[in-house]
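Just so you know, the protein sequences line up as chains A and B, in that order.
Following our numbering, the numbering of the first sequence begins with 1 at its first residue and continues without gaps.
Following our numbering, the numbering of the second sequence begins with 1 at its first residue and continues without gaps.
Calculated from the structure, these hints are not laboratory results.
Take every hint as true, because none was put in to throw you off.
Below, computed lysine-lysine pairings styled on DSSO-like, alpha-carbon distance capped at 30 Å:
| hint | chain 1 | residue 1 | chain 2 | residue 2 |
| --- | --- | --- | --- | --- |
| 1 | A | K60 | A | K176 |
| 2 | A | K321 | B | K102 |
| 3 | A | K428 | B | K296 |
| 4 | A | K265 | A | K242 |
| 5 | A | K365 | A | K60 |
| 6 | A | K32 | A | K60 |
| 7 | B | K317 | B | K210 |
| 8 | B | K296 | B | K242 |
| 9 | B | K335 | A | K428 |
| 10 | B | K317 | A | K428 |
DEER-style ranges, computed between Cβ atoms:
| hint | chain 1 | residue 1 | chain 2 | residue 2 | range |
| --- | --- | --- | --- | --- | --- |
| 11 | B | M223 | A | S262 | 54 to 60 Å |
| 12 | B | G218 | A | S220 | 53 to 59 Å |
| 13 | A | V48 | B | Q466 | 37 to 43 Å |
| 14 | A | N130 | B | Q463 | 39 to 45 Å |
| 15 | A | L258 | B | R230 | 54 to 60 Å |
| 16 | A | D132 | B | M220 | 29 to 35 Å |
| 17 | A | A46 | B | R448 | 32 to 38 Å |
| 18 | B | I88 | A | S45 | 50 to 56 Å |
| 19 | B | G218 | A | D132 | 35 to 41 Å |
| 20 | B | T221 | A | G47 | 56 to 62 Å |
Stretch-level coverage of chain B by chain A, calculated; a stretch enters the list once three of its residues show a Cβ under 8 Å from a Cβ in chain A:
| hint | segment |
| --- | --- |
| 21 | 324-333 |
| 22 | 343-350 |
| 23 | 427-441 |
Every residue gets a Cβ at the ideal spot worked out from N, C-alpha and C, and that includes glycine.
The lines below spell out each chain.
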Amino acid sequence: MRRLTQLFIKQSLVALTSASLLALSGAALAEKVAITGAQIHTLSSAGVIEQGTILLNDGKIQQVLDTVTVPSGYREIDASGKVVTPGFIGALTSLGLQEVSSSAGVVDARVDAHPVSSVGAAYDVQFAINPDSTIIPITRVEGFTNAVTSISRTGQLFNGQGAVIDLGTDFDAVIKANAFMHVRVNDGGADTNGESRAALWIALNQSLAEAVYAADYDLSPSEDWEGMITRADAKALIPVIKGEMPLLISADRASDILQALSLTKRFAALDIVLVGATEGWRVASQIAAADVPVILSPENNLPGGFDQLGATLLNAGRLHKAGVMVAIGMDTHNIRLAPQHAGNAVANGLPHAAGIAALTINVAKIFGVDDQIGSLEPGKHANLVVWSGDPLEVTQAAEQVFIEGEAIEMTSRQIQLRDRYLNRDPSKPVAYTR
Amino acid sequence: MRFTHNKKLGLALALSAALLSACGSDQPAKSSQQTNSTPEPFPSTYQPIASVPVLITNVTILDGVGNKIENGAILFQDGKITEVGEDISAPSDAIEIDGTGKWVTPGIIDNHSHLGVYPSPGTESHSDGNEMTGPVTPEVWAEHSIWPQDPGFQRALAGGVTSLQILPGSANLFGGRTVSVKNLPNRTIQDMKFPGAPHGIKMACGENPKRVYGSRGGPMTRMANVAGYRDAWIDAQEYQKKWDDYQKAQQEGTAGDAPKRDLALETLAGVLDGEILVHMHCYRADEMVVMMDVMKEFNYQIGSFHHAVEAYKIADKLAENNVCSAMWADWYGFKMEANDGIRENIPMVHAANACAIVHSDSDIGIQRLNQEAAKAWSDGQRAGIDITQAVAWTWLSANPAKSMGIFDQTGSLEAGKNADVVLWTTDPFSTYSQAEKVFIDGAMVYDRTDPASWPVSDFELGQVGQGDAK
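Let's have the full structure, built from the sequences with the hints guiding it.
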């Protein structure tokens with residue numbers, strides 16, 4: 001609540017801090033809103049507008065203006081002195097797939113091998129998303145409106161198929177199912193696939209080759225199928241080999257990255273995205289030439305394994321300089337730290353604009369949802385954030401988050417815990433402080 | 001160590017805070033200057049690097065004990081800070097550094113690191129941090145596991161870390177002794193050991209011991225955890241008495257053979273004697289309060305709870321009992337006992353006049369602890385907890401130094417202290433700020449602007465990326 005009340009709001013947004021918020025939210029969604037006066041990072045060809053206006057209408061961005069203008073019928077939210085960006089998109093998270101990861105029951109982000117799949121490709125998170133996860137509001141109050149969510153471990157070759165979700169307040173979270181397939185060819189991948197790249201790569205080649213074959217084959221149960229991969233795996237991999245579903249490949253060692261790039265020699269249509277790419281800077285020109293984007297964790301600068309010896313904080317900046325599109329993602333529930341990671345990439349050579357893009361439009365492009373989210377352009381979802389200042393600064397914060405035009409209530413379980421203990425009444429047991 | 005009979009000393013441990021209301025009493029902390037009867041079989045061989053006097057001028061100074069000096073100056077020579085102020089004249093042989101636009105702080109001290117005991121690369125061969133063969137292993141010493149060639153030390157140095165405490169892991173109720181080191185790795189661990197620093201012990205509450213031992217003879221519950229601590233303290237009391245009796249008999253000339261030394265009980269008795277500082281991994285508020293009752297039952301002092309994710313719930317009790325909390329800014333939710341983590345934990349603990357420390361427990365996090373403090377500081381501000389940056393810096397240097405018993409030597413920019421100093425490119429509460437120059441005992445041991453000054457561990461020699469900016 002405190003974050004909300006700091007926002008300079010001329011009209012009725014303050015009313016949203018009351019318990020009437022839920023009743024209002026439907027109305028807020030359809031409302032016409034003009035956010036005025038902020039520095040606007042559009043992530044479109046309009047670049048950064050120093051003092052402009054964003055018009056929201058019916059859950060969509062209607063217009064972005066480079067002047068401060070409030071058309072009649074629009075409720076003004078004065079964001080002078082603030083910064084507005086598109087809602088951040090967590091690239092590669094487990095949001096909606098886990099509540100507490102360790103020793104606390106089912107974690108949908110982890111799969112134990114099931115007979116439906118022999119290589120892990122078939123698993124699909126779209127049916128597993130829980131929009132009521134407390135991690136979702138904890139994340140969205142920090143400026144995240146969307147997330148790419150994924151299985152983090154199967155023990156098999158592929159980590160299955162992930163989805164793009166929004167972090168709104170309804171049950172309709174999935175905005176793109178079957179958004180990508182994920183395979184690891186790094187030490188971690190080798191570890192669970194014969195403990196050797198010599199087995200891992202043969203299994204990967206074989207899986208994709210069988211998918212090519214399966215594309216022209218009747219996979220119904222009445223027909224014989226004796227492939228290494230199961231029918232369900234084959235169905236999942238067919239869009240991959242056709243280039244209709246991005247193939248995320250986790251690779252760290254320079255030679256592993258080059259092997260990943262060379263997959264297109266055998267399977268020409270593959271739409272490859274590198275994940276991790278710890279030594280990507282060593283082969284940056286090849287990655288750029290292949291037009292392959294990279295999702296990386298910028299603070300990873302230690303040789304965690306022998307495939308990460310070249311780890312450096314300068315990786316993101318060097319890749320960007322070579323012409324590689326960079327997005328920021330850590331495989332974690334704590335994806336709200338990604339802006340700090342982006343800031344550290346900026347401190348180490350990534351231009352600031354590229355740092356913001358790495359959390360917004362680049363992620364949207366990689367997962368094919370840039371027609372809906374990732375920039376502030378007319379017709380896109382009104383997913384945006386009013387920040388107290390530069391969002392990559394650790395001392396700044398999201399003050400108001402909009403998802404599909406709705407000013408979401410800026411609270412979470414953590415904020416309620418904080419407020420309970422800030423306002424604890426020592427005369428009563430703590431459970432009576434609300 | 002076991003023979004000082006000075007329990008009051010123990011109660012004052014780690015918490016002396018003459019300058020900081022947040023950190024309890026004005027009693028003198030146990031000082032490394034005091035005679036320590038602890039046998040030190042692995043003595044420090046640390047040698048400061050020879051240095052010339054350094055004067056940094058026109059710089060913004062956070063002195064680490066709550067003061068900020070705009071346009072200040074700091075002089076250090078012979079490894080010690082000699083003057084902190086505004087207008088300082090330099091000796092003729094001094095190097096003068098124009099600090100315009102830059103900031104100076106005490107070196108960061110991390111009181112929770114596993115560098116060296118869980119080094120990079122993370123191989124099984126070097127996984128030496130948890131003696132998971134039994135839940136009570138106070139006989140093991142982290143210093144015997146540390147690999148000084150862990151490249152993590154050099155990364156931490158580039159983040160402005162000048163001293164750190166390396167602990168065993170948290171699998172065990174009693175995990176073993178900790179060690180405080182200068183962040184100047186050399187050929188041996190003894191070369192790094194912080195001269196005169198007291199020993200510490202790592203203990204652990206909660207989920208980890210019961211998870212590790214639940215199917216291996218226990219403890220498998222929290223109640224058995226607590227029984228385990230109490231049983232061990234009872235044994236330690238008995239051992240302590242045996243040696244006391246022997247010592248008395250010796251004075252009276254009636255002593256027979258000395259009791260046999262027991263490494264485990266020697267450590268525990270050292271805690272009861274107030275000579276070994278207690279660092280206890282504990283997340284949940286209720287468990288911390290149980291542990292403070294155990295502490296009173298056996299008359300020892302817990303120096304600090306580590307992680308202390310729920311410290312904000314009991315900050316008043318932590319203040320009453322003079323127990324520090326070493327915390328993350330925003331880690332939460334990875335296990336049940338971390339599920340109630342909030343971003344305002346650190347400022348809320350501080351605001352209750354309890355001692356707050358920012359720690360890493362991470363080879364990545366240790367590289368930007370200033371940002372962790374910045375997050376906590378700004379989250380506190382937004383929640384209405386008004387703490388200055390200058391005071392918030394106590395979380396990074398002074399308070400961890402106190403928790404490790406080395407505040408008499410380092411942890412602030414005060415005349416006479418070791419010149420453990422960081423020059424930052426800009427306000428260190430900014431994401432974009434970087435440690436430009438790092439001094440340990442007055443010697444410049446890292447200069448971001450001079451690649452030739454960047455240390456390279458043996459492991460990284462001849463490897464990909466050797467000598468690269470990291």
